[in-house]
Amino acid sequence: MGFEPKIIAFCCHWCAYAAADLAGAARMQYPHNVRIVRLMCSGMMHPEFVMDALSQGADGVMVLGCHLDECRYRDGNYRALDRSDMVVELLEDFGYEPERFNLTWVSSQEPDKFVKAVTEMTVRIKKLGPVNDVQG
Amino acid sequence: MAVTAALEWLGSCSGCEIAILNIGEDLLPLITETLDIVHAPLLMDHKYFGQCGEGVALEIPDAVIGIVTGCVNNREHLEVLQEMRTKCKVLIALGTCATHGGIPALMNGQDQQESWQGIFTTVSTDPGAEIPDVEVPPPLDRVYACDEKVRIDMQLPGCPPNPEFIAEVIVSLVEGRDPILPSKSVCDTCLTKREGKGTVDKVKRFIENVEFEPGAPIDEMRCLLEQGYMCMGPVTAAGCAKRGVPGCISARVPCRGCFGPVRKGGNQLLDMMNGLASNGIDYKSVVDRRSILRFTGAHGRLRPVKKHVAREKS
Amino acid sequence: MAKVLNIAPVSRIEGHAKIAIHLDDNGNVENTFLHIQSLRGFEKFIEGRPAEEVPRIVNRICGICPWMHHLASNKAVDSAFGATPTPTGHKLREMCQVMAHINDKILHFFFLAAPDFVLGPDADYSVRNIMGLVKAAPELAKQVVKMRQLGQMMLDKFAGKAIHPVAGVVGGFAKPMVEEERKELLQGTRTLLDFGCYALDFAINNVFAKYMDIIGDLGAIKTGFLGMIDREDGSLRLYDGQLRLMKSDGSFVDFEGDDYIDYIGEHVEPWGYSKMVYAKSWKEGFDMALTAPKGIYRVNTLARINVCEKISTPRAQAALEAFRSSFGRPAQQTLLYHYARLIELVYSCERTIELLEWEGITDPNVRAKVEPKAGRGVGVVEAPRGTLIHDYTTDENGCISGANLIVGTTHNIAPMNMSVKRAASTLIKDGVYSEGILNQVEMAVRAYDP
Ligand code: SF4
Ligand code: SF4
Ligand code: SF4
Ligand code: FES
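Here the protein sequences come in this chain order: A, B and C. Residue numbers for the first sequence follow this note's numbering, so the first one is 390 and each next one is one higher. Residue numbers for the second sequence follow this note's numbering, so the first one is 1100 and each next one is one higher. Residue numbers for the third sequence follow this note's numbering, so the first one is 296 and each next one is one higher.
If we strip away everything but chain A, and leave its shape as in the complex, we get (with noise of 0.2 Å):
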């Protein structure tokens, strides 16, 4: 009960994080468990970005990139795909459950889009529970 998850959203800068700033403008509801850092794009996503956040407290992370064949460098957003098959692996090696990662596509123009994504894993994490309900 009560429980209010930490969720970091990895936005690419020319998509997500407008997409971002448009609902803000828009004066769109979502969830406040959700804390924006920017990257220029979702490629330069290291996996390691993700286990930091997790180990420092947070209880789910997101990713968000510009659509397919979109992205301003050509293929980040590709190579941020293949990497999230590896995350989702490797979150479970380290004992994490895969659920608490999430990649999505939003382009500049689709601020609902975004809600929607963020408040889908706000609802998924609830659902999930701490990071460390078992161990402290």
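Source of the hints: derived by calculation from the structure; they are not laboratory data. The reader is advised that the hints may include incorrect statements.
Claimed, not checked - Simulated restraints, written as ranges between beta carbons of each label pair:
| hint | chain 1 | residue 1 | chain 2 | residue 2 | range |
| --- | --- | --- | --- | --- | --- |
| 1 | B | K1292 | C | N692 | 29 to 39 Å |
| 2 | C | D658 | A | G518 | 51 to 61 Å |
| 3 | A | E393 | C | D554 | 56 to 66 Å |
| 4 | C | D554 | B | V1155 | 45 to 55 Å |
| 5 | C | G377 | B | A1156 | 51 to 61 Å |
| 6 | C | K668 | B | Q1216 | 26 to 36 Å |
| 7 | C | K668 | B | V1102 | 51 to 61 Å |
| 8 | C | A431 | B | A1156 | 27 to 37 Å |
| 9 | A | F392 | B | P1237 | 27 to 37 Å |
| 10 | C | E551 | B | K1303 | 29 to 39 Å |
| 11 | C | A431 | B | D1210 | 47 to 57 Å |
| 12 | C | I556 | B | E1178 | 36 to 46 Å |
Claimed, not checked - Among the chain A residues that face chain B by a calculated CB cut under 7 Å, a handful are:
| hint | residue |
| --- | --- |
| 13 | P436 |
| 14 | E437 |
| 15 | M440 |
| 16 | S444 |
| 17 | M475 |
| 18 | D482 |
| 19 | G484 |
| 20 | E486 |
Owing to the predicted nature of the structure, the values given are computational and were not obtained by experimental measurement. Glycine included, each C-beta is placed from N, C-alpha and C at the ideal position.
For chain A, the structure is supplied; the task is to place chains B and C with the ligands on it using the hints.
Frame of chain A; chains B and C with the ligands shown alone:
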């Protein structure tokens, strides 16, 4: 004037202590002239509770240099570590158990209670045995590295650490200068031939010997990673090399990372998988990836596997 | 004024232990305990690991005898995978193991135990140690350090790592020996053999003769013995052979390590993390009573010297004959562990030379083909501290699904407890005790080299 020193071992195997004794020729002057050892369970008889065992509080004498080895996994370790911190001016964590949890921190990957229960119900153990709890120090919730519990002034990893650098750390302290220690990766100290990964796209288990000409110098042997074995040299701190070759490599055996990550907060599993993936080697071909963390399970790195939650469609 | 004396830590031993001596109102010993303080859980956390990796994980059980765990583990994995090491692989492993015995015995006798004898059990604690030994007998100390270093560096150079070795591999050994290495090792070992013989003479003349009265009495108990012997001629073996379990009257049974569960069991007391191994097959249960112990046997040097028919190398055999004519068979005095240790030192040197002189030792065929698979395997070697048993079960992937380890020291936990009780109750009377007396109680533990 000799500098006072206290040595302590927590959850350790004594290998670090033996590494100290392996300093060689310089050992005797070091322990009899340079240092004045005031406490060291392996070598001398100073007692926690007085020499006749009548004291009530655990006590270690004051010392300028303190060296602790081993991980922290029970209350006694914690108490001893705290006493060492209080009594020693400079506290050194020696060995990978002390700096990163070491092999004993593999326990952090399991349910501790269940494991301990299992240990006291093996095939050869008399039925009905329970986990001992009288006059033995109770376990902590998990295995810790020393710096998770007290401030540590200097870290010297290695399982075991290299005697050469143990001596360097002690001598530099006594001389009041910074120690000269290696800062790169094991690969940087490795002389094997590197020609590019070639056709390797998977790593193999170490169930057959690597290829090399017996007796030929190491620089005529091809890098083990390039031979298709998972060698953790790239993601492991340098320091084990003696006679110019990393320890395991000179035995023609791949590195398993016993000096811990290259950067103090690094993550060998992530770095290794990332390295394999970016070289087009299938990281899924590694059997039991979690054991890549076998030396660095403290600091929350290794945790019990979470039962899988039914995966939702997204 | 009943009270408890806590001797902690027990020092100049390899592990973490504490002795508690409970005195009654009159200051006489009511009870004693040797508490084993540490538990790390190797049996459990090797589960799931690929079996071929385990020999380089379990060596961390002990940094003083890592080779023993490394090789017992390799033997267990060999047999779980159904692999037979090549003859040369087998012999290279044995050579490393006996060489490791050499170092261990020098370390134990001179660094840990000798200060009690050379400086005297009552010497002040600040000098009763290797540092004090350096001042009291500088030439000897220098020699000891040099010899230990020589042995350690020979192993380190040949096998890459002397502490926490990696060169033993499932199916054999990771690298062959070349002629140049063989020559160098032979030369070094010959030097060590000379030192070993000198050490034995030194101890017989300067230590055992002088402390004969203490030896006869300190911590003396009467038990059975367990150790490894050659399958054919019953001679002393450290790396491979069958086990012999002897009763205190000298009668014995021989069995294969694979069947250990039929012969020995592990008893647990709530006051120590170490289990206590006992002879289940004697069907008398477990009891540490000094007058009539039940199921208690001992391992380690004295045990091996007692159970073997003979020693296959000449100088050690001569020493064994002299030993038997003085103390009989089985010899029971606890402090004779030191004597037996030095006989084994000589044997280990001679055996290393024998192996190095074997014509096949430089054969390049050192590792047999292996396939990871499901199975079960028991690997047994004689560690300096006693019979070491690794028992693994693997799954179809060749990963560990279950493990049971019986390490050398655990066989001796019950006997050590008995020796402590015996020593304390003999030495402490009517509330009179001193640092020197308490150190003698510790000496009873130190003899076992736990
Ligand atoms: S770091 Fe290695 S050698 Fe040192 S105590 Fe730990 S296991 Fe032993
Ligand atoms: S990967 Fe291994 S063999 Fe290759 S250079 Fe690095 S340490 Fe040497
Ligand atoms: S090669 Fe790797 S595993 Fe081997 S000693 Fe060096 S750091 Fe440790
Ligand atoms: S620029 Fe948006 S994902 Fe690459």
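Here's how the hints hold up against the structure:
{"no.": "1", "hint": "B:K1292 <-> C:N692: 29 to 39 Å", "result": "33 Å, holds"}
{"no.": "2", "hint": "C:D658 <-> A:G518: 51 to 61 Å", "result": "60 Å, holds"}
{"no.": "3", "hint": "A:E393 <-> C:D554: 56 to 66 Å", "result": "60 Å, holds"}
{"no.": "4", "hint": "C:D554 <-> B:V1155: 45 to 55 Å", "result": "49 Å, holds"}
{"no.": "5", "hint": "C:G377 <-> B:A1156: 51 to 61 Å", "result": "56 Å, holds"}
{"no.": "6", "hint": "C:K668 <-> B:Q1216: 26 to 36 Å", "result": "29 Å, holds"}
{"no.": "7", "hint": "C:K668 <-> B:V1102: 51 to 61 Å", "result": "56 Å, holds"}
{"no.": "8", "hint": "C:A431 <-> B:A1156: 27 to 37 Å", "result": "33 Å, holds"}
{"no.": "9", "hint": "A:F392 <-> B:P1237: 27 to 37 Å", "result": "30 Å, holds"}
{"no.": "10", "hint": "C:E551 <-> B:K1303: 29 to 39 Å", "result": "34 Å, holds"}
{"no.": "11", "hint": "C:A431 <-> B:D1210: 47 to 57 Å", "result": "52 Å, holds"}
{"no.": "12", "hint": "C:I556 <-> B:E1178: 36 to 46 Å", "result": "38 Å, holds"}
{"no.": "13", "hint": "P436", "result": "5 Å, holds"}
{"no.": "14", "hint": "E437", "result": "5 Å, holds"}
{"no.": "15", "hint": "M440", "result": "6 Å, holds"}
{"no.": "16", "hint": "S444", "result": "5 Å, holds"}
{"no.": "17", "hint": "M475", "result": "6 Å, holds"}
{"no.": "18", "hint": "D482", "result": "5 Å, holds"}
{"no.": "19", "hint": "G484", "result": "3 Å, holds"}
{"no.": "20", "hint": "E486", "result": "5 Å, holds"}
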